[in-house]
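Asks: Input sequences plus hints: build the corresponding full structure.
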Amino acid sequence: MKVAVTGASGFIGRHVLTALARRTDTITAFSRHTGHAPLPGVRWKMLDMANRANPFEAMGQPDVLIHLAWDGLPNYRSPHHVETELPRQFSFLKRAVEGGLRSLFISGTCFEYGMQSGALNETAACLPDNPYGLAKHALQRQLSQLRQTLPFALTWGRLFYMYGPGQNPKSLWPLFQDAHQRGAAVFDMSGGAQLRDFLAVETLAELIVSLALDHPDSGIVNISSGKPVAVRDLVAGWAKALGWDVHLNLGHYPYPDYEPMEFWGDTTKLRQLLEPARKAG
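Read in order, the letters of the sequence shown are residues 7 to 287 in the numbering used here.
Hints were generated in silico from the structure; no laboratory data involved. Heads up, the beta-carbon is just placed ideally off N, CA and C, and yes, glycines get one too. Just so you know, not all the hints are guaranteed correct.
Label pairs and their in silico Cβ distance ranges [to be verified]:
(1) Lys233 <-> His186: 17 to 27 Å
(2) Lys8 <-> Arg153: 36 to 46 Å
(3) Thr274 <-> Asp223: 16 to 26 Å
(4) His258 <-> Lys8: 46 to 56 Å
(5) Asp69 <-> His253: 49 to 59 Å
Derived DSS-like pairs: lysine-lysine, alpha-carbon spacing no greater than 30 Å straight-line [claimed, not checked]:
(6) Lys51 <-> Lys246
(7) Lys51 <-> Lys8
(8) Lys275 <-> Lys233
(9) Lys246 <-> Lys233
Replies: So, in structure tokens, the structure goes:
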């Protein structure tokens, strides 16, 4: 099976490549830059989504495209997402499908749900509250509409929170790791009472690969743990695992204004998709 990955040099993309390499030896990784570290079975190529050529041909006619590329993060409130990124993304994907692409996995976001609280499943109304969530939801709707005239398999992985190696240095996990490496006695953070749904990025990558290769055309699927955890408890658990006696300076930072206090993913659909394969294994 020939698999193409866009956004392959990003935080999630690098881990997806590692997971893919355990499943197939025909992987083409696309990035806007050169000079990437080699990975067994992975061929790196540059790709400009604005190029008007047939993307399907440019990507080597893959059987599956795992599309992770998206510019402008982590500035979730930038109008760039709606004004620039959304039309650019849809144009690229539409041209790829028109050119012959038949199976597509795309990374969505839990921000499509907006400021709703509690366990959120895929049938919940989407009420995005920031431009990033709005643009992602609009892209999903546009692609669903496109399927009425151009047949292709689509799985939309609605990602919740993640942590791990290679993450943006301003994110919680890298800040925690940096403080630990410096031997800091205090770790500044928000109040930490917010309930979130976290996955290690390695686990997230395995789920993306499984959905893309084994469960094409699954529609919208939450990719999350389904287990809410208070952020302060998550961080305390990290510290305990490291044997680090650190004081958590709760309340040093305000709570983000683009997230509800308590929300997590309902993983019923994800488990129903994956359970038969796990039993067979």
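Asks: Next step is simple, just say for each hint if it's right about the structure.
Replies: Each hint tested on the structure:
Taken as a hint, the range 17 to 27 Å holds for the pair Lys233 and His186, whose Cβ atoms sit roughly 24 Å apart. For the hinted restraint 36 to 46 Å between Lys8 and Arg153, the CB-CB distance of approximately 22 Å leaves it violated. Evaluation of the 16 to 26 Å hint for Thr274 and Asp223 yields a pass: the beta carbon distance comes to about 18 Å. Between His258 and Lys8 the Cβ separation comes to about 49 Å, which falls inside the hinted range of 46 to 56 Å.
The supplied range of 49 to 59 Å is met by Asp69 and His253, whose beta-carbon atoms lie about 52 Å from each other. Of the pairs offered as hints, the one joining Lys51 and Lys246 is violated, with about 42 Å between alpha carbons and a cut-off of 30 Å exceeded. Taken as a hint, the Lys51 and Lys8 pair is honoured in the structure, with Cα atoms around 14 Å apart against an allowance of 30 Å. Proximity of Lys275 to Lys233 is assessed by CA-CA distance (about 15 Å); at most 30 Å being required, the pair is judged to hold.
For the hint linking Lys246 to Lys233, the alpha-carbon distance of about 20 Å falls within 30 Å, and the restraint holds.
Taken one by one, the earlier hints fail for this structure at numbers 2, 6, listed in ascending order.
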